[in-house]
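Trainee: This is what each chain is made of:
Number of protein chains: 2
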Amino acid sequence: MADRLIYLPLGGAGEIGMNAYVYGYGAPGKERLILVDLGVTFGDMDTSPGIDLIMPDIGWLERNRNRLEAIFITHGHEDHLGAVGHLYARLGVPVYARKFTGALCRLKLEEQGHQADIVRIAGPRPEATQLGPFSVQFVPVSHSIPESSALIIDTPAGRIVHTGDFKLDGTPVVGDPFDPVAWHEIAGEAGGVKVLTCDSTNIFSTHPGRSEALLANPILEWVVAQKNMVVATTFASNIARLATLAQAAIASGRKVCLLGRAMRRMVTVGLETGVLTDFPDTIGPDEAANLPRDKVMLIVTGSQGERRAASAQLSRGRYLGLSLKEGDSFLFSSKTIPGNEKSVGRIMNALSEMGVDVHDESDGLFHVSGHANRPDIEALHDLLKPRIVIPMHGEHLHLREHMLLARARGSASEIAVNGAMLDLTADRPKIVDHVETGRLYLDGTVLIGAMDGIVRDRIRMALNGHALVSVIVDEDDNVLPDAWVELMGLPGRTRGGDDLARHIEGELAEFLEGADDRTVRDDGRMDEAIRKITRQVAMEEIGKKPEVTVIISRLMAD
Amino acid sequence: MADRLIYLPLGGAGEIGMNAYVYGYGAPGKERLILVDLGVTFGDMDTSPGIDLIMPDIGWLERNRNRLEAIFITHGHEDHLGAVGHLYARLGVPVYARKFTGALCRLKLEEQGHQADIVRIAGPRPEATQLGPFSVQFVPVSHSIPESSALIIDTPAGRIVHTGDFKLDGTPVVGDPFDPVAWHEIAGEAGGVKVLTCDSTNIFSTHPGRSEALLANPILEWVVAQKNMVVATTFASNIARLATLAQAAIASGRKVCLLGRAMRRMVTVGLETGVLTDFPDTIGPDEAANLPRDKVMLIVTGSQGERRAASAQLSRGRYLGLSLKEGDSFLFSSKTIPGNEKSVGRIMNALSEMGVDVHDESDGLFHVSGHANRPDIEALHDLLKPRIVIPMHGEHLHLREHMLLARARGSASEIAVNGAMLDLTADRPKIVDHVETGRLYLDGTVLIGAMDGIVRDRIRMALNGHALVSVIVDEDDNVLPDAWVELMGLPGRTRGGDDLARHIEGELAEFLEGADDRTVRDDGRMDEAIRKITRQVAMEEIGKKPEVTVIISRLMAD
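Residue numbers (our numbering), protein chains in the order written: chain A, 326 to 883; chain B, 326 to 883.
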């Protein structure tokens, strides 16, 4: 069969986060493969309580690892590189990234006990990495972290541009400005752009994107107007924003104190790799505590309301000798990610209770997005004139809107959600396969499958409570009627005021006394009957059916 | 001691939801009291898994029920009347409301087995209810439910205006338009307005509020442009919106089908009480399924992503014989309440996967808020010229912003959060007491305290999993070394691939075999040691410490 070009998202297509996209070229079923990005997403109480990190299920790729050439990481955000350390051992191929991103990758790999030299540093275009049928170039783009890159992936079937996360920013504060001439060149080489795989996150934002540089004046003016302690939070990886905040501090006579491990680490890596050239000297929390309040700006982690980050700690009281008070000012130079509204709100309200003035991005002055808005996406389509547009990185709503936009503008376009394999060889993309995919959960130190039932049981215990019943059967197969019931996460008292556990025990005793031999000898029957009675009694007495675990202990004759 | 006028919020001050405000007049500690509103808020997985409804802890009011004259309900939203049925028995005083609100109150009371005649229907101002030192008038205001009312509460210490939830709407589609002349009159009577207790929800919205009537044209134009089935969702209680949606359907040649119990109930109550005069005839789901798709509009419940509501059901497939498909259109004529973004997003994405075009309020055409924005709040301050402004109904951020606004405009103002008692007798409000308050959770059919530990245990089980250990001690105080371990919500295998439960059992056997008599005889010591070992082993093997319940069964000699 003829060689073909395929695309297979394993994460990020149908969700925002957890990016992982496979490209392949070769004979069907024998394509050589590369993986672009290997990110994580974060758990939540609604769907994944107790889960620290969520990663794409890369089972398919693992089974085909002998065909995999390498992993390319477009930029250093967790949703693009966060799973590299955890999943590297399953793939065992080199990781390519630019310098700053590569340094972050190495930290991730080392945390999991892997060698730093797995990561190979690639320079920006025109440098190209040749691997099997692929030639891959990193093209600098702007985003909310330094050194973000689009990838040009040249294959025998034509040129693919994979945007990664990007925006069009002529004045990005840190990193290279958007360069339409370079993109024009890219569009003109190699027979033009066959496939544009394109970020869809902001497809519903209808105004043109705003530049990072627009924030300098409003932030400076705001800082100058504050009379006491100033605190600002943003994503630690948004180094351009850190630079803008720090410059505003210095220009208004304040010293800068960085709080939060991620904040200090990002500035260090930024300086070491040269993406950040002139960050002001910072002071420690001790010195900050001893300066007059109007001479300090704290730049802190926790813009998303993370419970253990510096913002949350400050909102709860003293942190590293520092505390906020009436008349201080707190700036969220960030956007709240959907799902984090309540945690961010809790911190803002706690600050408000201290008398702190809280400011956020709602009036548009203190934050800009790192993603291309609809007009910017259209501009990129226009520049590159791709024959095929594959909407990437977005919930289904975003992908669909992007597909409709691309079709309306004359490109072929198709949605491939996670697990859907597209054949891109011809002029129209075609879904040719569905690969089993899903999510892996990092639970403590163990990777579990999202569908293993573990998390489902947690959710059920959280919603319904958990009743434990212990029953003993003696050496002669006589069941002791004194079942023991323990409740966890259930009201202790019934509506009538009785002790619920004792009440259930009473009902169980009645059943156990009358249970026939066939039932008593059979764990399955006993379990089912006890569970049913326990749930029924609870339903009558407190109006809900708990999860029930029955332990039947059978005593053995000596 | 001289008589005094007091204000004591028990819910709603420091949060959006669960409104309950006490006013009192009389000798300190002997004031006669009225309660304004008695609402609920809703639980979430993060803080209250398994909890159906959350209500204010009215313990203080219960202890002082002999001083309570009545409950006044400003309007029919759940966060203002939802707790009436559940808490009525603890207070036992009449409930006053206008006709439509009263009808909803009666339904709530009847659901809990109370008599409908507890509710006394009050007419709008100038009708006044005299109770002890209070004279209370209902003043029609606009909001997102018919017949909302502000209360004028006249006391010997002066006039209070309690706004309830309100907006200024000259063309509210349903109900009375905003009447500045009437408000001017109110400000001029009774020595002027001493206290304005005022809705703070939208204090951060800086543009003037928009009228409900502005939606008619955009919605009609949108419906006309759709080629297939149209579905619209909004809060069922937003009867003006239902009317607007239905009128757009009729005008574009579609029949209206209401889906969802709340939707049908609200229209029925609206018609019965006369707040709704001309709602078009509706059709049932069977008839809707048999009509051409471009002749139907479904108006459905579930605008907040509620799992069991009609929107969610339709997004999951067939519902009452109806299903959506490629080319259908779905309108969220609603705002997503913070915290519900993910559930709403899930529904929107599921619809998108079906090929349904999803529209929401993001371009400002299809929804208006029911609350007064900052300029409207300022307009009301100007009209009423209150000597004191008490910001009400809002998170602390909102209350503080409202307080700063009021002070800047020359009124005295103070924040009273739930449980803080304000003395309003003099010209400056003063906090004179803090009353113990909190939240009651409706769990199944039982009311539990938020701090009872039940919900805390559920959250811990959800985050950490639950390990159960059963140990048997025989008649001679010998512990049987075969502890039995069951895991719920925990990985079955360790990192090394062993069975986790068996592994813990092995470690426990080692401990039990060596346990001395003093330990074995003491349930507390046994429990502590077993718990500690279980948690340690789990930490080593899977990197997390589960909740542990130990059941020690002691066999008795016959």
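If you are wondering where the hints come from, they were derived from the structure by calculation, not from laboratory data. Take the hints with a grain of salt, since some may be wrong.
The list makes no distinction among identical chains, and a pair is therefore deemed to hold if it is satisfied within one copy or across any two copies.
[Unchecked claim] Quick list of in silico lysine to any residue cross-link-like pairs, SDA-like style, CA-CA up to 20 Å: (1) K580 <-> G831; (2) K424 <-> H439; (3) K870 <-> G689; (4) K869 <-> H532; (5) K667 <-> G763; (6) K870 <-> E853; (7) K710 <-> V418; (8) K650 <-> G735; (9) K667 <-> R781; (10) K552 <-> I443; (11) K580 <-> P617; (12) K667 <-> D377; (13) K857 <-> G670; (14) K869 <-> I858; (15) K667 <-> D371; (16) K870 <-> R781; (17) K870 <-> Y644; (18) K667 <-> M370; (19) K870 <-> D328.
Trainee: Are the hints correct? Go through all of them and say.
Mentor: Results for each hint:
Within a single copy, K580 and G831 get their C-alpha atoms no closer than 69 Å, and across copies no closer than 57 Å, so neither meets the 20 Å cut-off. Only within a single protomer do K424 and H439 lie at most 20 Å apart by alpha-carbon distance; the minimum there is 18 Å, versus 71 Å between protomers. In this homomeric assembly, K870 and G689 never come within 20 Å of each other (Cα to Cα): the closest approach is 48 Å inside a single copy and 44 Å across copies. For the identical chains of this complex, K869 and H532 are neighbours neither inside a copy (50 Å) nor across copies (46 Å), given an alpha-carbon limit of 20 Å.
Proximity of K667 and G763 under a CA criterion of 20 Å is satisfied inter-copy only: 19 Å between copies versus 28 Å inside one chain copy. Taking CA atoms no more than 20 Å apart as the test, K870 paired with E853 passes inside one copy only; the shortest distance there is 14 Å, against 29 Å between copies. Within a single copy, K710 and V418 get their C-alpha atoms no closer than 33 Å, and across copies no closer than 73 Å, so neither meets the 20 Å cut-off. In this homomeric assembly, K650 and G735 never come within 20 Å of each other (Cα to Cα): the closest approach is 58 Å inside a single copy and 25 Å across copies.
In this homomeric assembly, K667 and R781 come within 20 Å of each other (Cα to Cα) only across copies, at 18 Å, whereas the closest approach inside a single copy is 23 Å. For a Cα distance limit of 20 Å, the shortest separation of K552 from I443 qualifies neither inside one copy, at 50 Å, nor across copies, at 55 Å. Taking identical chains as interchangeable, the C-alpha atoms of K580 and P617 lie at most 20 Å apart only when both belong to the same chain, with a minimum of 10 Å there against 69 Å between chains. In the homo-oligomer, the alpha carbons of K667 and D377 lie at most 20 Å apart both inside one protomer (19 Å) and across protomers (18 Å), since each shortest distance falls under that limit.
For a Cα distance limit of 20 Å, the shortest separation of K857 from G670 qualifies neither inside one copy, at 42 Å, nor across copies, at 36 Å. With identical chains, the CA atoms of K869 and I858 are at most 20 Å apart within one copy only, with a shortest distance of 13 Å there and 33 Å across copies. Proximity of K667 and D371 under a CA criterion of 20 Å is satisfied in both settings, with 13 Å inside one chain copy and 9 Å between copies. With identical chains, the CA atoms of K870 and R781 are at most 20 Å apart both within one copy (16 Å) and between copies (18 Å).
Proximity of K870 and Y644 under a CA criterion of 20 Å is satisfied in neither setting, with 43 Å inside one chain copy and 26 Å between copies. Proximity of K667 to M370 under the C-alpha cut-off of 20 Å is found in both arrangements, the shortest distances being 12 Å within a copy and 12 Å between copies. Taking CA atoms no more than 20 Å apart as the test, K870 paired with D328 passes in neither setting, with 57 Å inside one copy and 52 Å between copies.
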